[in-house]
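Enquirer: Chains as they are written, first to last, in our numbering: chain A, 1 to 255; chain B, 1001 to 1306; chain C, 2001 to 2946.
In short, the hints are calculated from the structure, not lab data. Careful: at least some of the hints might be erroneous.
[What the hints assert, rightly or not] Below, computed lysine-lysine pairings styled on DSSO-like, alpha-carbon distance capped at 27 Å:
1) LYS2450/C <-> LYS2281/C
2) LYS223/A <-> LYS2621/C
3) LYS2039/C <-> LYS2019/C
4) LYS242/A <-> LYS2536/C
5) LYS2450/C <-> LYS2197/C
6) LYS223/A <-> LYS2200/C
7) LYS2200/C <-> LYS2531/C
8) LYS2200/C <-> LYS2442/C
9) LYS223/A <-> LYS2199/C
10) LYS2019/C <-> LYS2635/C
11) LYS2039/C <-> LYS2278/C
12) LYS2431/C <-> LYS2450/C
[Said to hold, decoys possible] The calculated label-pair distances, taken between Cβ atoms and stated as ranges, are:
13) GLY200/A <-> HIS2687/C: 51 to 59 Å
14) LYS242/A <-> ALA2434/C: 51 to 59 Å
15) ARG2892/C <-> ARG1228/B: 31 to 39 Å
16) THR2714/C <-> ARG163/A: 52 to 60 Å
[Claimed, not checked] So, partial list: chain A residues that the calculated Cβ filter (under 8 Å) puts toward chain B:
17) PHE65
18) TYR158
19) MET195
Just so it is clear, CB atoms sit at the ideal spot from N, CA and C, and this is done for glycine as well.
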Amino acid sequence: MTSLPSLPTPKKLGLVIDLDVCVGCHACVISCKEWNTGGYGAALSDQHPYGADVSGTFLNRIHTFEVVPEGGQVIGEAGEARIVHFPKSCLHCEDAPCVTVCPTGASYKRAEDGIVLVDEDKCIGCGLCAWSCAYGAREMDLAAGVMKKCTLCIDRIYNETLREIDRVPSCVRTCPANARHYGDLGDPTSEVSRMVAERGGFDLMPEQGTRPTNKYLPPRPRKPLAASAGPAVLAENTDGAKGFFAWLDGMLDRI
Amino acid sequence: MHPAPSVIIFTTMSGLGYGLAAVLGLGLLDPSAVAVRAAHVLALMLIAGGLLASTRHLGNPQRAWRALSQWRSSWLSREGVMALATFVPLTISAWMSVIEGRHVPLAGWISTAMCAATVYCTAMIYASLRSIQAWNTPLTPLCYLLFATAGGLLLATVVAFASGGPGSLLSVPALLAVVGAWVAKQAWWTRLRTLAPISTPETATGLGHIGRVRLFERPHVNENYLTREMGFKVARKHAVKLSKLAVLVGGALPVLLLLAALLAGNGGLAIIAAVLAVLFYAVGLVTERWLFFAEARHAVMNYYGG
Amino acid sequence: MTSEPRMALSEPVSDEVRKTTCYMCACRCGIDVHLKDGKVRYIEGNRDHPVNRGVLCAKGSAGIMQHYAPARLRAPLLRTGPRGSGEFKEISWDEALSLATEWLDGVRQSDPKKLAFFTGRDQSQSLTGFWAQQFGTPNYAAHGGFCSVNMAAAGIMTIGGAFWEFGAPDWDRTKLFVMFGVAEDHDSNPIKIGISKLKKRGARFVSVNPVRTGYSAVADNWIGIRPGTDGLLILSLVHELLKARRIDVDYIVRYSNATWLVIDAPGTGEHRLFLRDKDGKVQVHETVTEQVVPLGSPGARAGLYGRVELPDGRSAVPAFQLLAEKYLDPEYAPEAVARETGVPAETIRGLAAEIGRVAFDEAISIDQPWTDVNGQRHQSYLGRPVSFHAMRGLSAHSNGFQTARALHMLQVLIGAVDCPGGFRFEPPYPKPTAAHPTPHGKAEHFGSNKPLSGPHLGFPRGPEDLLVDPEGRPMRIDKAFSWDAPISAHGLMHMVIANAHAGDPYPIDLMFLYMANMAWNSSMNTAGVIKMLEDKDPATGDYRIPKIIYSDAYSSEMVAYADLILPDTTYLERHDCISMLDRPISEPDAVQDAIRWPVVEPDRDVRGFQTVLLDLGARLKLPGFADNHGKPLYKDYADYIVRHERRPGIGPLAGFRGSSGDRTGRGASNPEQLQRYIENGSFFSAHIPLEAQFFKHANQAYQDFAVRMGFFDTPQPVTFQLYQETLQKFRLSAEGLREPLAPETHRTRILESFDPLPCWYRPFEEAAVSASEFPYHAITQRPAAMYHSWGSMNAWLRQIHTRNALYVPGPICDELGLASGDWVWVISHHGRIKVEIARMEAVNSSTIWTWNAIGKREGAWALDRDAPEARKGFLMNHLIHELLPPKGDGLRWSNSDPITGQAAWYDLRVRIEMAESGEVSEPHFAAVAPARPHADELRYGQEWTK
Ligand SMILES: Nc1nc2c(c(=O)[nH]1)N[C@H]1C(S)=C(S)[C@@H](COP(=O)(O)OP(=O)(O)OC[C@H]3O[C@@H](n4cnc5c(=O)[nH]c(N)nc54)[C@H](O)[C@@H]3O)O[C@H]1N2
Ligand SMILES: Nc1nc2c(c(=O)[nH]1)N[C@H]1C(S)=C(S)[C@@H](COP(=O)(O)OP(=O)(O)OC[C@H]3O[C@@H](n4cnc5c(=O)[nH]c(N)nc54)[C@H](O)[C@@H]3O)O[C@H]1N2
Ligand code: SF4
Ligand code: SF4
Ligand code: SF4
Ligand code: SF4
Ligand code: SF4
Ligand SMILES: [Mo]
């Protein structure tokens, strides 16, 4: 199963992440953890949970970047630095190197919907797939010795015991800012595809040749407030209180 | 990349083993000589030891056999398959030499070819990873092959001297291989150190159109699996120093010692010189391998400010 | 190709879902708790819940780890070692409650004010306040004084409601949203949901904040203001709007006191008070007949300007004239404030222009006839789709009250309060100040063994309502409602320990605290407070604060300083009530309250604090808690929630009242009430009819609705108080013109700050220290994934913020030669801390900041001794003093707003000096508790995987 599906998958399920509204709250991080630690595959363990070197397995993490305009397109107030919160989980790449490097066939890309998964019963925990992923989307669970990654919440999206509306990934359902969207990116008419088209959704590290399914929506262009200042908006007499009260008179007459 | 001892031991030991086995496979040495018989065993031990070490870093080594299944796509799988397959001609060659004291050319030549192929597969595990630009070059397998060859020839030189074989004859190709390996490595390093990264924080985030991108806060403050595994960083200053040391110890010294052995003729001195050459070479090789990992920057570090 | 593995994709998530209310913070979202084998499998947002509509924040999702944290207390504890040693023995509840009763009863019999009962982040204040009142101590308050009373008091005194918990922007309609000084807020999920709605609609979102993280990071425009200067910025906006005539004249005439006549009689005790007739009715100037008539006279067209001469020789002007004259002054011009605020004049002008443009050129309307309280019929609701929100960035300053007043004034001037697209009230607000009680706690209000004669907290109408003795000395231990902080509507929890330690105004015997980490992150001058808690009177060998009872659920830093610990349950194990009598979860369109109920059984010897409090009340035989025979009135808190009545027919919960559960607001108690709540997802929601949804302050249908619901017994419309007469009364006292006179010592301060029209003055600490010695501002921000100190015991959350760095602006780094990872000393007038820095560009260039309350004390929270929280994490609190530096007048003023007493956390001024790099941030304190055993690896949920 290590080979990628020979034909393009009929569906390309994935996420669209809107960098214009992600406030970096980490809600999706913890929701993902709690859903997945009792669900698909081994629990997501934490080492030294109350100690100095605490660390654990997470399938989704939020990075925070600072961007300083430097002759590039300025989209904040002119010249100002800005913070961009950056959620990252598996991008379910079409040319997923993590799949082809896997020696055991544990890593595979589903032919039906393109979801990239690890069959933990086969995984020997060699870590090569994590090495091959430029995005850092795979983390070895140190307790189970198997590779963990975003499953696109496959045990939610096809779960018939859930209400239809809840058959979405845990991170998507919980995101308070609605920055995460789930859908079929293979269907140009789907809501996520339309969003990508409208907002100029882009790939992360296209030069890696992985052709990610997940897309990111860029921060929207912004207009400085100073642009609204314009010339004084005053039509009438501007000389202080007197002129103002004269205007008031006129206004009061109209009431 | 984290220079994990298990992986360094694996690549260096098995490299030396395959190199030695490959030279033995050529049948240049007297198969019935004690030293040659021992060399066959040594080669197998080096290979097996290296492979064993490589399983040390597996999360679930008991399922290691599964790694043989994906030879169609995975270089790691191919490496596993090749390693196992190579044992067949190698065992035959070793058996013939150790028990029967003879060289079976067919088995030997096949061994040699398969050893080379295995080393190539090992190298390709690394060279095929686009995410680690330092490795992602044909120079990587070239280096691996040359280092294995040089190591094999060096070891074989010792064996030749010890078995009264054509030590002086072997030391010349050994010398050339050592020089070749380090020349190739130098090219590898030059490439690495002048490399423009294909992936940057800007391409990793897609925010380059706004400006210069810099990690502000890590997702989690402490280290995680990714930063431990791929966030290893060695200061460039140290790397350059270490690489010079590696060339000196693993290249210049063995060359000088080989020359000394050549001059010393076939006696004990030559053996000692050759053994020292091997030892220095091994130290240089381990340093080189350590740097191979330590100097390689993984694209994921664009997300972790590394 | 081999076939893909087959998977079971339709596994049921859990055995059972129980719906309750989150309490990982005060936002109070609805949660679906999935239980499997009796354990919590998964917590998700309740889709039907009006607060969070299905979403959940990081803390909410991490409830599992909060609930199973090793830091949880296990049984009542009695201190055995010295305070701070963390040495305790476990005792039984019987012992604990008898001891507590003995201590409490002693105080109540002798001198009830010797009990100080302060309850931190309490969500049951209607119970705890009632209990304290029945006990009879004047010394009760919750956390509002150190939190955001400036916001609450300014909002209530100006428009009858506040941003803080009692209002929200009209997220669905607003077109311009301006947020001041908010990092997370109490409304954290609704704000995130709201921001995303704005983005979707293409509405503009402006954030005014020195730091560009979180919400500010996604704002369309970021104004990186210099801390403490928002008042100037806002008044400059007002200046621009007045100049541009972008004022909703009709609105202010109808709904505000703009037309009310203000007496002009300098040197008299009535100067600048409202002109009233014999019946106390305020007067306006009728411009057609040129008469002075009572407000509301039929057909009168009240003037907004013009001096009227009064028959008694005095004169009067409408309040609005004073307002307009004041703010049209060029001192408020954008150019004039640009330097002080650090905001370019063009930006201020642009923002003002946008506010004016959107409010007036993009006005909206909803076609719904309605009737105002004057009986006038309107065909539609006119909306000014500009809304604002603000929190502690404005209020945690010593000029915060006036700044918050300024912002509320701005909203009124453009007609954007409770209209479509503006800021909207959430029931039971709006409520005029007059509908709030005055504070109780004067000597005549209490005595041994009897209840306090009225509620502790409220709004003084003037100096006559202060809780001071005839010499003007404070009556309360926290000095609330004294000349120090006359309108401290929420008390001053941050002063209690310092005052009790100093015996000023008097010593106390017993301090009873609940849910407040006073020995750590909720105190200023943390090291000093720790000393005060440990300090003994050398004469007697007793602690200066003799007895401390504390209820916590976790082994926080404070636990080590208490003598008796009453361990609480977690929020998943107890009944709770988010009550209409307190701070409910209403939305602008709906009246809402909620409960918690035990969705899992406690597995240890802990009890819900409210139940314990009821038990103590009964043991003390307090009226309202025990009957005439001394028998407990309530079995437990659940019983109280259902049966307690504050006024006939009005209890803690508004929903499912009446014997059949069909009454809302008012109605007999319903034994099935809690069951009905549980079936409904643990909340109750009653929609406000559309004709009552807007202009609630003046909407007859809403007022009638409010009376029906039992918020008040008669309609209580609100007239917006642009001009605040109460403040002027204090000024007159300070001028020596009006009884009671302000003490000499307080006069200048009052004159400078109690302006009846919003004003700006320099924050006290900034004014007191030298700008060259302490050139930078230092502030903190709430991290989204942590709630104060409660997150570090949580294995998942603590990984996000295991330690905090000090963020230093690039220009300062360059000037001082600093780089990320360097260590520095941060020095204030009061103390110094040594911490690791990180560079940042997206921040006001004179402001350094860090995440709040990540630093922990070694040994607390059941973390290992070498936990990064204790070694590298740090608190800014060590630099902040509860008092201002001495001024040479022999007095040390409290570091608080002079009007409300709100702690001025964000006034801090510092300098930075390069330090040797270190392993441990300083100050570092000795471990506070013995180490606790815990697992070295967690595999939560492993048993459920196959
Ligand atoms: N530097 C700086 N300091 C600040 C602030 C700031 O902005 N900067 N902000 C201030 C503000 S606004 C506030 S509100 C305070 C907050 O300060 P606190 O209210 O003191 O903060 P918490 O850390 O929430 O502490 C509350 C205590 O409640 C306990 N607790 C948690 N759950 C339960 C429970 O279910 N039952 C019981 N009985 N106890 C429980 C916790 O263990 C903790 O010990 O901090 C103030 N301190
Ligand atoms: N996740 C989470 N949520 C919480 C809490 C928590 O601990 N964690 N605590 C709860 C509590 S008790 C409270 S009181 C609320 C507080 O909610 P917020 O008021 O949102 O909390 P703060 O972190 O104090 O945020 C103050 C903001 O004001 C900015 N600021 C500081 N000084 C100034 C100034 O002079 N002008 C302006 N314009 N901005 C300024 C700071 O940079 C910061 O962004 O949050 C509540 N919600
Ligand atoms: S993001 Fe990484 S793990 Fe996911 S499919 Fe792409 S390469 Fe594989
Ligand atoms: S860690 Fe597991 S999934 Fe990854 S390459 Fe190795 S065997 Fe495949
Ligand atoms: S889709 Fe599921 S597994 Fe993937 S990041 Fe979201 S919650 Fe985690
Ligand atoms: S939950 Fe949404 S807003 Fe919060 S960090 Fe994740 S993607 Fe961003
Ligand atoms: S905001 Fe988060 S922690 Fe607060 S109540 Fe809602 S879900 Fe719970
Ligand atoms: Mo607060």
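Enquirer: So, for every hint listed, does it hold in this structure?
Expert: Each hint, compared with the structure:
1. LYS2450/C <-> LYS2281/C: 37 Å, violated
2. LYS223/A <-> LYS2621/C: Outside the cut-off at roughly 65 Å; violated.
3. LYS2039/C <-> LYS2019/C: 15 Å, holds
4. LYS242/A <-> LYS2536/C: Violated, at roughly 66 Å.
5. LYS2450/C <-> LYS2197/C: 53 Å, violated
6. LYS223/A <-> LYS2200/C: 17 Å, holds
7. LYS2200/C <-> LYS2531/C: 53 Å, violated
8. LYS2200/C <-> LYS2442/C: Violated, because 54 Å separates the two Cα atoms, which is more than 27 Å.
9. LYS223/A <-> LYS2199/C: 14 Å, holds
10. LYS2019/C <-> LYS2635/C: 24 Å, holds
11. LYS2039/C <-> LYS2278/C: Cα-Cα ~69 Å, so violated.
12. LYS2431/C <-> LYS2450/C: With a Cα-Cα distance of about 30 Å, the restraint between LYS2431/C and LYS2450/C is violated, given a limit of 27 Å.
13. GLY200/A <-> HIS2687/C: 51 to 59 Å: 41 Å, violated
14. LYS242/A <-> ALA2434/C: 51 to 59 Å: 36 Å, violated
15. ARG2892/C <-> ARG1228/B: 31 to 39 Å: 51 Å, violated
16. THR2714/C <-> ARG163/A: 52 to 60 Å: Hint violated: Cβ distance 46 Å, outside 52 to 60 Å.
17. PHE65: At about 5 Å, which falls below the 8 Å cut-off, the nearest Cβ of chain B leaves the hint on PHE65/A intact, so it holds.
18. TYR158: 26 Å, violated
19. MET195: 15 Å, violated
Checked against the numbered hints listed earlier, the structure breaks hints 1, 2, 4, 5, 7, 8, 11, 12, 13, 14, 15, 16, 18 and 19; every other hint is satisfied.
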